[in-house]
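Number of protein chains: 2
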Amino acid sequence: MKVPSAAISRLVTYLRILEELEQEGIMRTSSEQLGELAQVTAFQVRKDLSYFGSYGTRGVGYTVPVLKRELRHILGLNRRWGLAIVGMGRLGSALADYPGFGESFELRGFFDVDPAKVGRPVRGGVIEPVEALPQRVPGRIEIALLTVPREAAQEAADLLVAAGIKGILNFAPAVLEVPKEVAVENVDFLAGLARLSFAILNPKWREEMMG
Amino acid sequence: MKVPSAAISRLVTYLRILEELEQEGIMRTSSEQLGELAQVTAFQVRKDLSYFGSYGTRGVGYTVPVLKRELRHILGLNRRWGLAIVGMGRLGSALADYPGFGESFELRGFFDVDPAKVGRPVRGGVIEPVEALPQRVPGRIEIALLTVPREAAQEAADLLVAAGIKGILNFAPAVLEVPKEVAVENVDFLAGLARLSFAILNPKWREEMMG
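Protein chains in written order, with full-length UniProt numbering: chain A, 1 to 211; chain B, 1 to 211.
Read the hints as simulated data drawn from the structure, not as lab findings. Hints are supplied without guarantee of correctness; some may be wrong.
As the list claims (entries may be wrong) - Under the rule of at most 27 angstroms between Cα atoms (straight-line distance), these lysine-lysine pairs were calculated in the DSS-like manner:
id	chain 1	residue 1	chain 2	residue 2
1	B	K2	B	K47
2	B	K47	A	K204
3	A	K47	A	K2
4	B	K2	A	K204
5	B	K47	B	K204
6	A	K204	B	K180
7	A	K2	A	K180
8	B	K117	A	K47
Based on the provided sequences and hints, a complete structural model is requested.
Dropping the structure here:
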C-alpha cells in the first residue's frame, strides 16, 4: 500500500469533522457528507479510508463514534505521546500555555540554550538547558516542538536526534537534515503563504484539486 | 496539467534551498543535489519542475539565480501581496512583530473584535475593528492571516469573504467553509502532530515516501 502523504492529512481533517459531528449529536454520516465538509469528493473519502481497511456499510454509511475511533487508531492518537518544546522564545512560550493539545499529547519538557531562561517556571514545568536533553528524552519524550530561530534549527535538531527523539515538529523555516529513523513535519506559515500565492494566481488549478 | 498539491509544497522547499545555496555563493546545482537537500529523488525534482516548463541544461544542471527567479515567478512571489492579521491575540501579535515576511508579503492591516484592543498601536499600524474590513480590504489586502480562536474562525472567515479577500492563511484548528473563489491554506500544528504520530508509527511508509 502506497498511501499518499496528502491522504494522511485528509484523515486528520475527517477526524476533526467527525469530532464536530459528534459534538453536535450527529451519530451517522456518509462519504458524501464527509466529502462535502472536507471539500473533497465522496470517492476521495472512500479511497482514503480504503488504504486502511473496510469501513462503513454500503447504503448506510458510517457510525460517527466508530469511524472516529478507527481514525484515531490509524493515526496513533489512541496513545499518549510525550512532547518537549525546544526554544522558549515567543512561540515556544505561547505553545507552553496552549490548552488544546488534547489527551494524545502531553508536554513533558521545556528547553532553551539561553542561561537567562533556564530555571524560569512555565505552565507544567521549568525551563531546562538543552544539555539536559540526553537525560530527559529517553523513555519519556518522543516528539519535540522545535521553535528556535532558523539559524539555530539544524544544531538543535542534531541535539534532539542524538538524545533519541522520534519525531520533530519543525516551526523554523529551515529544511532539517535528520536520519531517516526520525520523522519530521514542518509547520511553516511562510511556505503556506507561498502556496496561497500560487493558489490565488491559479484558480483553475484549485478547481482541479477539488475534484 | 494536473499538478499535485504536494508538488507546490516541494517547489517552495526547492526555492528555500536555492536561496540558501545562493547565500553560500553556490551558483550551479543539479536535480541530484536539490533532491538530496530536499530529501526526495532527483527524478521527483525534474518531474515537479516539468509541470511548468523546461529548466536547466542536460548534463549541466541549473543556474541557481535563474532557477530561483523562475520558481519565484511560478509561485507568484515576484509580486507584492497585501496581508491583514485578523485576531490580535498572542499569535496575531507575534506575527505582527515577525520580521521575516520578505519582500513578497506586506502587513497592511490588523483587526480584532475586542473593543479593548481596537486603537492599540502595533508595529506598522494600529488595531482596527473587524467592521472596518469592507473598507480596508478591496484593492489593498489580498490575504488574511486568520488567528482567532477555533470557535470564532468561521464567522471571521465569512466577514473576510464578504469584504473580498482572495486567500486565507488559517491558523485555527477548524475546517473553513468558503466559496471556491477564495483560497485557503491551513497552518495547523495539531494536524502536524497527528501526521507525525502516524509517521513515527509507520517507518516503512516513511521510507516509501522518500522514494
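Hint by hint, here is what the structure shows:
For a cut-off of 27 angstroms, the pair hint linking K2/B to K47/B stands: about 12 angstroms separates their Cα positions. At roughly 20 angstroms between alpha-carbon atoms, K47/B and K204/A fall within 27 angstroms of each other, so this suggested pair holds. At most 27 angstroms may separate the alpha-carbon atoms for a hinted pair to count; K47/A and K2/A meet this at roughly 12 angstroms. As the CA atoms of K2/B and K204/A are separated by approximately 10 angstroms, the hinted pair is consistent with the 27 angstroms bound.
Straight-line distance between C-alpha atoms of K47/B and K204/B comes to about 24 angstroms, which keeps the hinted pair within the 27 angstroms bound. A C-alpha spacing of about 10 angstroms is found between K204/A and K180/B, which places the hinted pair at or below 27 angstroms, so the restraint holds. Of the pairs offered as hints, the one joining K2/A and K180/A holds, with about 18 angstroms between alpha carbons and a cut-off of 27 angstroms not exceeded. At roughly 46 angstroms between alpha-carbon atoms, K117/B and K47/A are farther apart than 27 angstroms, so this suggested pair is violated.
Hint compliance for this structure: hint 8 is the single one not met.
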